[in-house]
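Enquirer: The chain contents come next:
2 protein chains.
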Amino acid sequence: MENELKFRIATINDLDRIVAMLADDVLGSKRERYEQPLPDSYINAFNAINSDPNNELIVACEGDEVVGVQQITFTPYITHQGGWRATIEGVRTLSSVRGKGVGTELIKWGIHRAKERGCHLVQLTTDKKREDALRFYERLGFVATHEGLKMKL
Amino acid sequence: MENELKFRIATINDLDRIVAMLADDVLGSKRERYEQPLPDSYINAFNAINSDPNNELIVACEGDEVVGVQQITFTPYITHQGGWRATIEGVRTLSSVRGKGVGTELIKWGIHRAKERGCHLVQLTTDKKREDALRFYERLGFVATHEGLKMKL
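Read top to bottom, the protein sequences are chains A and B. As numbered in the working numbering, residues 2 to 154 make up the first sequence, in order. As numbered in the working numbering, residues 2 to 154 make up the second sequence, in order.
Bound conformation, chain A alone (with noise of 0.2 Å):
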């Protein structure tokens, strides 16, 4: 990295920035819409994820810019004797700065907070058509032990 990357909470000045990002990726570009003024959907669930101590996004930045985003989500589960587990969701970095290591930074920032919040395991789920995403999280050390299921409603 050129610059140093800091990791903060997103305010709600950062969504006009992480929409675009979110935008601006081969399969969200089909789902997202990124438009002036952003579609109240999208700060609806700013508003939501802002006010649930379960879940921070958090956005990377070199200097004052947003470089990169991601949702973690803490959920406590019976399973494993009570466990928490951390869900990172939403990982996106800018185009310009993709190669340099903000992804990476990014994630190894989010396992980190996963630590601090005292969960035994992270985990996510990657489309199996980002076959570039698959190697980058398994050299990060995660183990792809699952299949990961969807359904539209």
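Heads up, some of the hints might be wrong.
The list treats identical chains as interchangeable, and a pair is accepted whether it falls inside one copy or across any two copies.
[What the hints assert, rightly or not] In silico DSS-like cross-links for lysine-lysine, where the CA-CA straight-line distance does not exceed 25 Å:
#, residue 1, residue 2
1, K109, K153
2, K31, K116
3, K129, K153
4, K129, K151
5, K116, K153
6, K151, K116
7, K101, K7
8, K31, K109
9, K130, K31
10, K130, K151
11, K116, K7
12, K101, K129
13, K101, K130
14, K7, K129
15, K31, K151
Because the hints were derived from the structure by calculation, they are not lab data.
Model the placement of chain B on the given structure of chain A, informed by the hints.
Expert: Chain B in isolation, oriented as in the chain A frame:
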């Protein structure tokens, strides 16, 4: 089903039965501790789930008997235009009722509940070692589009 199944939010009085079901499982037997009294970690997890409006621990009952369990987590995300998802975890049925469709009814109830909560997607991961489970979920309409990655902390 011989008797009608009823579904409800679990209470602390169901916890012993739930942990017994989790421990009576090929993978669960290695990681749970079904003892009397129950380890505090289970009780703490139950209380954390029970006090969180975005987590529901659901039991299936035949008369007064608990015969199945699942946990549903409702999560707001920025992705998919700020859509909510339901994640199903910790699905188990009493060994004496297996093959009688309790699991199917349990998951169908979970899908119904996810719709009721306004989710656009219901998701779960299943261990690749549970070959029957993958087919079970696919029959119910889930699609294994994703890899499920885990990292123990």
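Enquirer: Please write out, lowest number first, the hints stated earlier that are contradicted by the structure.
Expert: 8, 14
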